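Visitor: Work out the full structure, taking the sequences as your base and the hints as a guide.
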Amino acid sequence: MRRSAGLRHFLLSWLEPLSGVVALAVGWQIASMVAANPTLVPPLQTIWGALVDLAHGDLVNDIVASLFHLAGGFGTGAILGLLLALLCARFELVAAVIDPIAEFLRPISAIAWIPIAILLFGVGQGVPMFLIFYASLFPIFVNALDGIRRVDPTLVRAAEMLGASRRLVVTHIVLPAALPAVFAGARLSLGVGWVAMVAGELVGADTGLGYRIEYFQEFFSMEGVMATIVVIGIIGYLLDALLRLLQSSLLRWSPAHGGSR
Amino acid sequence: MDAAMSKPIIRLDAVSKTFQAPRGGGMVEALREISLDVRPGEFLSIIGPSGCGKSTLLSLVAGFLSPSAGEILFEGKPITGPAPERGVMFQDYALFPWRTVIGNIEFGPFARGVGRRARRDKAGELAELVGLKGFEDRYPHELSGGMRQRCALARLLANEPKVWLMDEPLAAVDLQTRIILQDELLRLWGDGVESADRPTVVFVTHGIDEAVLLADRVVVLARRPGRIKAVIDIDLPRPRAPLRSVPEVARIVDQLWSVIRDEAAMAIAEEGN
Ligand SMILES: Nc1ncnc2c1ncn2[C@@H]1O[C@H](COP(=O)(O)OP(=O)(O)OP(=O)(O)O)[C@@H](O)[C@H]1O
Ligand SMILES: [Mg+2]
Numbered sequence: 001m002r003r004s005a006g007l008r009h010f011l012l013s014w015l016e017p018l019s020g021v022v023a024l025a026v027g028w029q030i031a032s033m034v035a036a037n038p039t040l041v042p043p044l045q046t047i048w049g050a051l052v053d054l055a056h057g058d059l060v061n062d063i064v065a066s067l068f069h070l071a072g073g074f075g076t077g078a079i080l081g082l083l084l085a086l087l088c089a090r091f092e093l094v095a096a097v098i099d100p101i102a103e104f105l106r107p108i109s110a111i112a113w114i115p116i117a118i119l120l121f122g123v124g125q126g127v128p129m130f131l132i133f134y135a136s137l138f139p140i141f142v143n144a145l146d147g148i149r150r151v152d153p154t155l156v157r158a159a160e161m162l163g164a165s166r167r168l169v170v171t172h173i174v175l176p177a178a179l180p181a182v183f184a185g186a187r188l189s190l191g192v193g194w195v196a197m198v199a200g201e202l203v204g205a206d207t208g209l210g211y212r213i214e215y216f217q218e219f220f221s222m223e224g225v226m227a228t229i230v231v232i233g234i235i236g237y238l239l240d241a242l243l244r245l246l247q248s249s250l251l252r253w254s255p256a257h258g259g260s261r
Numbered sequence: 001m002d003a004a005m006s007k008p009i010i011r012l013d014a015v016s017k018t019f020q021a022p023r024g025g026g027m028v029e030a031l032r033e034i035s036l037d038v039r040p041g042e043f044l045s046i047i048g049p050s051g052c053g054k055s056t057l058l059s060l061v062a063g064f065l066s067p068s069a070g071e072i073l074f075e076g077k078p079i080t081g082p083a084p085e086r087g088v089m090f091q092d093y094a095l096f097p098w099r100t101v102i103g104n105i106e107f108g109p110f111a112r113g114v115g116r117r118a119r120r121d122k123a124g125e126l127a128e129l130v131g132l133k134g135f136e137d138r139y140p141h142e143l144s145g146g147m148r149q150r151c152a153l154a155r156l157l158a159n160e161p162k163v164w165l166m167d168e169p170l171a172a173v174d175l176q177t178r179i180i181l182q183d184e185l186l187r188l189w190g191d192g193v194e195s196a197d198r199p200t201v202v203f204v205t206h207g208i209d210e211a212v213l214l215a216d217r218v219v220v221l222a223r224r225p226g227r228i229k230a231v232i233d234i235d236l237p238r239p240r241a242p243l244r245s246v247p248e249v250a251r252i253v254d255q256l257w258s259v260i261r262d263e264a265a266m267a268i269a270e271e272g273n
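Quick note, the sequences are listed as chains A and B, same order. Using this note's numbering, the letters of the first sequence correspond one by one to residues 1 to 261. Using this note's numbering, the letters of the second sequence correspond one by one to residues 1 to 273.
Hints are computed from structural coordinates only; laboratory data are not their basis. None of the values given here were measured: they were computed from a predicted structure. Relax, there's no trap hidden among the hints.
Some but not every residue of chain B turned toward chain A, in silico, with C-beta under 8 Å:
1) G87
2) W98
3) R112
In silico negatives: residues of chain B with every beta carbon more than 10 Å from chain A:
4) R11
5) G76
6) Q176
7) D233
8) D262
Cβ atoms here follow ideal geometry from the backbone N, Cα and C, with glycine treated the same way.
Guide: Spelled out as structure tokens, the structure:
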């Protein structure tokens, strides 16, 4: 009984999201049949063909280049965001200086910086990396700062009473206590970083998946553009899934995340 | 009484504590001119109505807060901050949720630089001592209230503090668990084994019967502002656990109740309006 219920639950958990994808595909296919200009809405089999071509061509290089941009931009953004949050939580003065700057810069889309980034770094790795850095800095900063400020003061007292030094309190109490918030911020950062990456590569780089879209556009290959977009979507999803996995294994202690055994 | 016994381990000398009320409110006078000597090795209970400053008093002795006036001495020296020699058991457990039972118990020795092997062994022994054998790798959210309380006790014991500061440690567990934990607490403290290096306990509680059963002396606080209303010696023999159902205990509880009844009635009246 339980087993079949579990199986049904498992199937449902996959069928539900899958049904959305299927509906989207069917809609696209119908649109491609009724469209006046079929090159603008290429049918699925054409996109599939382009995907296969892509896989045989530069796809791996494009993915590696994009992931490299992401690692550089997201890595520096996340680390700097976390450090700034720690500093702001510790020193009132730093918070007083950083807060207004962050509040001013935060609503400005990373994309608005493209012209300046191109001027600064020239077309190449620098532009997408900078845009990813810029986009991912704020979500992790804001969330981490909030998490650090919400750390239960009784836990800090407990650690001090047990003999913990200032440094130990930061590394062994404040950071783990803020980790759920840091992860929430990191997932947001990764999402907006991935978006900024495509924009940056589209106009400011000569490698990566965004660049590949621009390449296909020049040849007016909508099926190539579509195939690349599908790849971007899938990898973005996988990256988030990876982070979620890391989150639930690191937050096994938290009833809200890891859940109990 | 010999000379060592008469020298207090903790001395509060006309201690007052005033808080700035939040959101621009006025000042809250939590404690006014508390003078009290705690003798080494004694079990001292503090009772009093809600809000009379019991937790504040404990926080002052722990070193989390500093007095607005007066002085607190530990072994003759002013208290400047929290230290492992004064262990605290918090009302809401305050276990580290990301650490397992063993991880929580060994945190004190870890913070003080005890080697991995030694602190693990010690934590394992303590887990067994408080009845958490088999639960060493559980996280706090996977434990019952009573088990969390045991874990908090073992964490405190791991540092071998001279003073145990306990803020209503048994308030949140059910009656049976409370009775069992009271007996275990007495056993771990060294009830009936009269020894020179027995730890000193300052035990805040809401329960008059609990205070009488456990303590050598009961301090009754009055509220608004918190002052000492009475200090009552409990002249019952030790070990205490077997006395649970002796009529003498009930008589003392009654007597104590008459001391604090007026206070409690006033507290209720104040809360009503
Ligand atoms: N940090 C603080 N800021 C302002 N007021 C405070 C603060 N801490 C305590 N108080 C006030 O001081 C008084 C004593 O509080 P305390 O927590 O010590 O009482 P208590 O006897 O432990 O109460 P309970 O039995 O409910 O635990 C209360 O009026 C409380 O509102
Ligand atoms: Mg209290």
